[in-house]
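Visitor: Per UniProt numbering, residue 1 is the first one in the sequence shown, and the count goes up by one each step.
Hints listed in this document are in silico derivations from the structure and should not be mistaken for laboratory results.
Please note that a few of the clues may not be correct.
[Stated by the list, open to error] If you anchor each label on the Cβ, the simulated ranges turn out as follows: (1) R15 - A349: 11 to 21 Å; (2) D227 - F64: 19 to 29 Å; (3) D254 - P2: 42 to 52 Å; (4) E363 - M1: 31 to 41 Å.
[What the hints assert, rightly or not] Here are the simulated DSSO-like cross-link-like pairs (lysine-lysine), alpha carbons at most 27 Å apart as the crow flies: (5) K126 - K145; (6) K145 - K105; (7) K145 - K373; (8) K138 - K126; (9) K138 - K121; (10) K380 - K105; (11) K138 - K373; (12) K380 - K145; (13) K145 - K121; (14) K105 - K126.
Glycine included, C-beta positions come from ideal geometry on N, C-alpha and C.
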Amino acid sequence: MPRLLLLTPDFPPRRGGVARYLDAFASFFRDSITVVAAPEIGSEAFDASCGYRVVRTQLVVKWFWPRWIPMFAELVRRSDEYDIAVVSHVLPSGTAAWIASHFTKRPYVVIVHGLDVGLAKRHPWKRLLAGVVLRDAKGVIANSKALERDVRESFRVERTVVSYPPLRTNGWLGVGTPPGGPQRSEDTTGGETPRQDPFGLRLLTVSRLVRRKGHLRILAALKLLRDSGRGEAVSGYRIVGAGDMEGAMRETIDEFGLSDLVTFMREVSDDELGQLYEWADLFVMPTSANGADREGFGMVYLEAASYGVPSLASNLPGVDEAVIDGDTGVLVSDGDVNALAGTIFRLHADRTELSRLGANARERAARDFTVEKSFGPLLKLL
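From just these sequences and the hints, can you work out the full model?
Guide: Structure (structure tokens):
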């Protein structure tokens, strides 16, 4: 196995799908990898317990251009420590790896996630640079088939492989999740117990509070349900995360008269997050196709699935690989609030269907998204 150096500005203890994905990647290759990442609050404790080598150093600078010069310097300075460099995000990390490879004669691999590809396509010179970086790479790793197809068509790249985000058998969330996902607990967050019809569904969203994640659409669907006399379909909606949209969301909740239904939870531990998944009946995140900032796949759909919670999402490329319409959840047209409200009411009324979707979601998560299935195919690339 060649020695790997993973260079990334986005890594635990930072939260988010990209950081979790890269932690899983590093764990899989723990015996042959060194991670070079930016320092974070709490990074010392994480690094001491992660099981692989992590070096913390500043990777970007604010007072000099190009800001990624420290990435280039690290790749050159540590060239004797690795055989293949792996970088996350095509720009600017890929740029640093591409230039460094001319000095070190070491090949590099680029992991792309969605937003980075979208941003690169927005400007002609970035698109040109990204194409050079990706075509010269030893390989490009995409987190969905949709993203792989986009990379191939947009940048004429041939050496690509899909590596889905995995669910780790020791608990993706750090809550000791057994293979196959946890069983629904009789004791959930808030001391409540699972309820059956005629009680309403418990809805959950876990994401950054940004417009494209679809929180406002769910709020509009809840208002529509109440206005049409179907408000009993939902008994609670918990929103986990922080971001710029929180103020607008709170204003919308007040305007729609939904303060009795909606609860914000900005910071939760992994254990608490696991309890919230156990609490939920339906995971809702109807993302939008908002230009470059799009959902490349959606790890949180899998996290919910591992707890037997089906998802309600938008029918968008990449998302339709995380949520299988009619099998592990329901996909609706992008922006269709009526369909969101209708689906919530239908699943409230048909608990057998809700249970079927949840059971299928758990089974698929345990079967198809193991670390070995996600990262095993990369052994041929690396």
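Visitor: State for each hint whether it applies.
Guide: For each hint, the structure was consulted:
1. The given range of 11 to 21 Å is broken by R15 and A349, whose C-beta atoms sit roughly 35 Å from each other.
2. Taken as a hint, the range 19 to 29 Å is violated for the pair D227 and F64, whose Cβ atoms sit roughly 55 Å apart.
3. Range check, D254 to P2: about 56 Å between beta-carbon atoms, so the 42 to 52 Å window is missed.
4. At about 32 Å, the CB distance of E363 to M1 agrees with the hint of 31 to 41 Å.
5. For a cut-off of 27 Å, the pair hint linking K126 to K145 stands: about 23 Å separates their Cα positions.
6. Restraint check for K145 and K105: the C-alpha separation of about 30 Å exceeds 27 Å, so the hint is violated.
7. A C-alpha spacing of about 15 Å is found between K145 and K373, which places the hinted pair at or below 27 Å, so the restraint holds.
8. Distance restraint check for K138 and K126: the Cα-Cα separation of roughly 20 Å lies within the 27 Å cut-off, and the hinted pair is therefore satisfied.
9. The suggested pairing of K138 with K121 holds, with an alpha-carbon distance near 21 Å, which does not exceed 27 Å.
10. As the CA atoms of K380 and K105 are separated by approximately 20 Å, the hinted pair is consistent with the 27 Å bound.
11. Taking the CA atoms of K138 and K373, the gap is near 21 Å; set against the 27 Å cutoff, the hint holds.
12. Annotation: proposed proximity of K380 to K145 holds, straight-line Cα distance about 18 Å (limit 27 Å).
13. The straight-line distance between the Cα atoms of K145 and K121 is roughly 18 Å, inside the 27 Å bound, and the hint therefore holds.
14. Proposed proximity of K105 and K126 is supported: the alpha carbons are some 24 Å apart, at most 27 Å.
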